[in-house]
Amino acid sequence: MATRIVVDPVTRIEGHLRIEATVENGKITDAWSAGTMVRGLEKILRGRDPRDAWAITERVCGVCTSIHALASVRAVEDALSITVPHTAEIIRNIMQTTQYVHDHVVHFYHLHALDWVDIVNALKADPQKTAALAQSLSKWDKNTPAYFSSVQDKIKQFAASGLGIFANGYWGHPAFKLPPEANLLAVAHYLDALEWQKEIVKIHAVFGGKNPHPNFLVGGVPCSINTDEVNAINSERLNLVKKLIDQADEFVTQVYIPDLLAVASFYKDWAAIGGGLSNYLSYGEFPTEGYGNPDKFKYARGVILNRDLSTVHPVNPRDSQEIKEYIAHSWYTYEGGDNVGLHPWAGETDIKYSGPKPPFQTLEGFDKYSFLKTPRWKEQAMEVGPLSRLLVSYAAGRTEVQDAVKGALGKLNVPVSALFSTLGRTAARGIDAELAMGWLKEFFNDLMAQVKIHEVSTFNPERWEPKTWPTDAEGVGLVEAPRGALAHWIKIHDGKIENYQLVVPTTWNGSPRDAKGQRSSFESALIGTPVANIEQPVEILRTIHSFDPCLACAVHLYDSEGRHIQRVTFE
Amino acid sequence: MQAKGYNRRDFLQFCGAAAAMAGLDRSAVGQVVSAFDVKSKPAVVWLHFQECTCCSESFIRASHPIVADVLLDVLDLNYTETLQAAAGFQAEKCLTDTIANNKGKYIVLVEGAVPLGDDGVYCMIGGKTAESILQEVAKDAAAVIAWGSCASNGCVQAAKPNPTGATPIHKLVDKPVINVPGCPPIADVMMAVVTHMVVLGQLPALDNLGRPKEFYSRRVHDTCYRRANYDAGLFVESFDDENARKGYCLYKVGCRGPVTYNACSVVRWNEGTSYPIQSGHPCIGCSEAGFWDNGPFYQHLPSFPGFGIESTADSVGTAVGLATIAGVAAHAIVTNVRKRAVIAEVHTDDQPEV
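Protein chains in written order, with our numbering: chain A, 1 to 571; chain B, 1001 to 1354.
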């Protein structure tokens, strides 16, 4: 008999996600993914200066910070036909590859690792053997017996005081397969990654003034370069960036990737679990010859259908018949009925909550069950994220990507088909980080080359003033965010935002079913996932975390006009 | 703050109580002997409501102390959806156990605003509304810290037209609320506020908006390293123009430094690496209530009378005719206090609501 289980809150993600699933004979037979928070940013954007939109949309998410700002400035520049200087584009690429590396390392250690790593079991490890294991994986000079011994002592003391953020984990669950030494290794690097991650983001602070939420600018980037001036990006600033890049390179190649491969080697059974959908979408990323020239992006743009890597289907975000959003199972209503799909430029967003009155135990029996809308490409569900990026570029013949994918699969000794899984998604994120790390170095060299020849313009002022804009304009900004395909659609009228719509990675992956009943990525991937103990469904976390969900991004839509707002009272 | 039932003596009592609380009995690995004084770690829960998690992200960017040391040695942080290992009902148990075992002693850190629209259904966790969770958790708390602009003043979701009825924490709980605004707050400021309480054992002195004076009593403009350019009338006219490349003042391209109380130009961001103005972008005033509705960001502040002397900058606080009337009133108060050289105490029962 099927049992319905609920995981809410799903922790170690951004935002508020609820998973309900039916389990029968130790396997998930059906699943429902629900976003349970909404803020209304799209409505707030209306009537504002388009040049301010990056700052508002950046606040969609502080984990994927900078990513929405980039999508927004691209959307506005697309609408107003603004070309950014090459040097500004390089700085944006540096910002974004920095974000990839930071985000993926933090995801692996701080959001995902505790699904695979048993921190309590690490207390049983022999620090000598742990050091031997670590040294067999990497030449990182911190991996000594004394180091692992001190980390173990620290964790022992911590465990004695109640385990804090590690309390009530599924420790001792039979699904944990790592030996104690591998657990200790991962826990030690969890703490190191926590300390290191604050360093790499200083690159954002140099160019954008702060992190989280660095500053962006329509038409370029806000910082100026002047190697004759202390008050600008100068040799000292560039040296700092260089140092941070070198540190990041060491951490990725000597810590993250070896740990990822080591952990993955104990969980190869997860290369056959959690595959889910078989369609993959990527918008392509990292322009090298302008945003308008996607053929020269590092990652290719396109769609893979049915896992057929022989064909890359083109994607046109302007075509009203390609990308549409559905609300058949979402807490919204459409004027033309709840079963139609709308292109974002024609998007409607009218919240109509029809779920159970809180507090509630289950969403069972409710046709609509999420604040996420359901996006589709040509009526089909798409998975987005690092795996999709790799697959589309692999199929498109991007040799850098092909080599990276083949290299990682070779080290794990698994076939290409292993990628279509929970483990494959997690491994793909590591490959994605490795590629981004390499490109970060490349973009920095490009920047230095520009500085050397005094090509330092970082801003195109031609269409800064609203009086230079057409009365009506529409644009779309496409980004491959760390979590996948992200797009902002904007309509501008009389210098103000008339309409603004965002379709973000976790909306693709975490949305409810569409009008035809087709499941999106989370729900599809959960079906067939084993659950050994319904009281401790660590397996659900593994598969859901493999997508790196970001719910604040996924739900940002707005309320209907005139809805009753409860009176605020004071005691 | 006094109007909200806040009392400094209560708080100091809390700090004493926190120091006396026991932790060993909740050990998951009971036989392990502790080498440090676990009793000094206060129980803390971190709630997430309508937010973007930038405050959590900022918190982990701290450099002194680093967050790993804080999580292991300084705080007994038992609930935070972003980082905790447990999920689902086991996570909820972390929260309910902490409350039950530490009545009147635990600290609540809140990230995010609370939507009151449509009976609270716009933010639900574990099938409960954010508002009901906040009330339940705050009821027996010793103190509440509102992290960031969302919890302090509503921030982006409360910008016009505030579709979900997003409401800051201090309007909802009858408890001490320390507001630490900013989008996000500076990492090392967050750490300093926490350690001021749990290491010094004292409540930081607060202004009439509940902000620690230690970090929110100076305008970004007054401590800005580009201030000399402002005084000399040297301004950036357009981004990346010759003046921008010399690091002149960003007032004319919209800088909100003259009306923004924050530590950015002193503490700076990311271990002192930079701050927005240093990297060429105007301050957008992210620590001020209503900053999203305070005019387009690149439109310079109106009624800004000339350059060069201290008094003109002071008058900015009262001259700005934009949306943040309440905030501006607060600026005027603090500005006047400063001019009278009486910085120490600002108490008012009719504090502006933000």
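Derived by calculation from the structure, the hints in this document are not laboratory data. Wrong hints could be hidden among the right ones.
Stated by the list, open to error - The calculated DSBU-like cross-link candidates involving lysine-lysine, where the alpha carbons are at most 35 Å apart (straight line), are:
| id | chain 1 | residue 1 | chain 2 | residue 2 |
| --- | --- | --- | --- | --- |
| 1 | A | Lys124 | B | Lys1093 |
| 2 | A | Lys368 | B | Lys1171 |
| 3 | A | Lys129 | A | Lys156 |
| 4 | A | Lys156 | B | Lys1171 |
| 5 | A | Lys124 | A | Lys139 |
| 6 | B | Lys1093 | A | Lys368 |
Verification of the hints:
Proposed proximity of Lys124 of chain A and Lys1093 of chain B is supported: the alpha carbons are some 27 Å apart, at most 35 Å. Of the pairs offered as hints, the one joining Lys368 of chain A and Lys1171 of chain B holds, with about 32 Å between alpha carbons and a cut-off of 35 Å not exceeded. Annotation: proposed proximity of Lys129 of chain A to Lys156 of chain A holds, straight-line Cα distance about 18 Å (limit 35 Å). Taking the CA atoms of Lys156 of chain A and Lys1171 of chain B, the gap is about 41 Å. The hint is violated against a cut of 35 Å.
Only pairs whose Cα atoms come within 35 Å are accepted, and Lys124 of chain A paired with Lys139 of chain A is accepted, the gap being roughly 24 Å. In summary, the hint linking Lys1093 of chain B to Lys368 of chain A is supported, as the alpha carbons are separated by about 28 Å, within the 35 Å threshold.
The structure is inconsistent with hint 4 alone, although it conforms to all the rest.
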